[in-house]
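Peer 1: Here's the letter readout for the chains.
There are 2 protein chains.
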Amino acid sequence: MNKIPNVVVVGIGAVGVEMIRCLKQRKFPFAKLSIFARTARDTDIDGDTYSIQAIDPKGFEGIDIALFAGTEGEKGAAVTYADEAIKRGAVVIDNGADFRLKDEVPLVVPEVNKESIRGHKGLIANPNCTTIQMVVALAQIQKRFKLEQIILTSFQATSGAGKKASQRLWDETSEIAEANRGKNLDALDKNASGDSDIFAGQIAFNVIPKIGGFSRDNYTSEELKTVDETHKIFADPSIKITSTCVRVPVFTSHCEAVYFKTKKDASLEDISRALKESEGVVFYEDSQSFALPLEAEGKDEVFVGRLRRDSFNKSSFWLWCVSDNLRKGAALNAVQIAENLLVL
Amino acid sequence: MNKIPNVVVVGIGAVGVEMIRCLKQRKFPFAKLSIFARTARDTDIDGDTYSIQAIDPKGFEGIDIALFAGTEGEKGAAVTYADEAIKRGAVVIDNGADFRLKDEVPLVVPEVNKESIRGHKGLIANPNCTTIQMVVALAQIQKRFKLEQIILTSFQATSGAGKKASQRLWDETSEIAEANRGKNLDALDKNASGDSDIFAGQIAFNVIPKIGGFSRDNYTSEELKTVDETHKIFADPSIKITSTCVRVPVFTSHCEAVYFKTKKDASLEDISRALKESEGVVFYEDSQSFALPLEAEGKDEVFVGRLRRDSFNKSSFWLWCVSDNLRKGAALNAVQIAENLLVL
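Chains as they are written, first to last, in my numbering: chain A, 1 to 344; chain B, 1 to 344.
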């Protein structure tokens, strides 16, 4: 891109706000930064006031890069507006799930497959948060040893389901704390009132093994994203991937217990070296160390720790992987794609 | 045992209280029920007052069954007092971890291997909570198809680390709720004050992938229990077991994402039938259903749902398993062992 671009962020929920933050923090060179959302209003982000414009096809005139914040689970604004933006000359980077698996749409994690950006036809997709942090952690391992199998169990933060979902965790927690003030531990009533319209049950002091709707083989849509998107990003459908995705009462940062087996023989030292030399990864060489979600919040990297070998199976390992789902898992990755567009 | 026994519960923390509850609820036939703890005092359990006696070797005179509540992670009272009880004629059922792997000590989950009780030499061990619910879920599958591999990721409640640990979760949560009352979600400070002396970090709104100390191959003691105890209970050291054990901000009930592969070919229907016919298991035949920890609290069964096949590997499956870690995972299992002793 041979000009300083006009940039728009479409949608200003949890991911949209984080996109604005990433653009500012990374000093992304824009001529003009706009925000489009359903209704026009002013909003405050980190002390700065931004004017939000009501979204309209004509608004995309003169826009060079449109970052669609999207939302997991429901149709993103890109379904309605991506074509409008593209035909007016913008490149769309879409965080929504709607176009990720289309053949003509590159699905990009810059640390892994930024070269695929070149082939874009106006739309580039940002992968699912759970997938992104896993492929960043596994990229060098895949490159050096090829993955035979991935068995993933995730611990996912509420913000992955949007602001309303985090509000629900906070409301439930506040209600329980208030109702039980000064009570003895044995006398606590840990049930929040009302039915959750967001999760498949109470999320405060609970964990819920269902993210998204059910689909093939009774896997959830979230679980299938970790399969299908990983295959596409690694351009390797031979990897046997299976996962269980679980919501936990954490606001931000997803954790993943990743078990994997390589096709080529690999020792613990081989894997350790690959992780040490991985882009975007903070690797804890001490296998007894690890990151916690609260620590990863607001950070850009994927934190990988607790690397261990399976004592009974060769070339098989565990790692513990944590990353801010709103940043590397969504907003930051989209902004990194935009940065790569600038130098194409 | 050809008499109505005198019973003592040793230790009156989270598990000891639950032992008293199970004995009462199940109408366990005792002549006398005593409670021993470090110091003499009265305690109230579900509205009844119990006199606790200070523990002393002579106190075991006339005791027929001694249930040691034990604690995971530190040496249980059984290390000091089990011999004193046994030499005075008691059978000790120990919930602590100290004797579980000794050859002469049966390690018993009645639904799986109650026949091993017969060989006891005065001491019978209760397995670790995480192991118990997994072997109950897998028992019929092991019996019918033999397990080749188990890959476990656990979501463990704070009460597994004792009352103090649950108090810590409550204190941290209450402090954060109080400090942020009326605040906007974006302005929350989610950090509790002080360093945790119980967990490897803050547990409120966080998850911690370390339970117990580190041991061989950099697995934690909790993770190795799921390997070694499962081998012993199934009397089958050929099963390739590996696990990642994680603490979550839930008070009671552990959840487990269990991936397993059978030696003999098995279809989804085969596994479903085995689970349906499993003792102690509530099986959700609908693969889209599952239990949540809050629902399992106070219940006796192991709840198994979300049974799915691995789409890429034959005879390989996932299940989601939830159980009250203080009941089936500890107190109830010990009381069930005692019930089996009565009819020997």
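Hints in this document: simulated from the structure, not taken from any laboratory.
For clarity, every value in this text was computed on a predicted model and none was experimentally measured.
Don't take every hint at face value.
Heads up, the list lumps identical chains together, so a pair's fine if it works in one copy or across two of them.
With a straight-line cut-off of 16 Å between C-alpha atoms, the simulated EDC-like cross-links for lysine to aspartate or glutamate are [to be verified]:
| hint | residue 1 | residue 2 |
| --- | --- | --- |
| 1 | K102 | E61 |
| 2 | K190 | D171 |
| 3 | K58 | D83 |
| 4 | K27 | E175 |
| 5 | K190 | E295 |
| 6 | K314 | E148 |
| 7 | K299 | D48 |
| 8 | K3 | E279 |
| 9 | K314 | D217 |
Peer 1: For each hint, tell me whether it holds in the structure or not.
Peer 2: Outcome of the hint check:
| no. | hint | verdict |
| --- | --- | --- |
| 1 | K102 x E61 | neither (26 Å within a copy, 76 Å between copies) |
| 2 | K190 x D171 | both (13 Å within a copy, 14 Å between copies) |
| 3 | K58 x D83 | within (12 Å within a copy, 84 Å between copies) |
| 4 | K27 x E175 | neither (41 Å within a copy, 37 Å between copies) |
| 5 | K190 x E295 | between (26 Å within a copy, 11 Å between copies) |
| 6 | K314 x E148 | both (12 Å within a copy, 15 Å between copies) |
| 7 | K299 x D48 | neither (21 Å within a copy, 52 Å between copies) |
| 8 | K3 x E279 | neither (28 Å within a copy, 69 Å between copies) |
| 9 | K314 x D217 | between (29 Å within a copy, 13 Å between copies) |
In the structure shown, a violation is registered for the earlier hints numbered 1, 4, 7 and 8, in ascending order.
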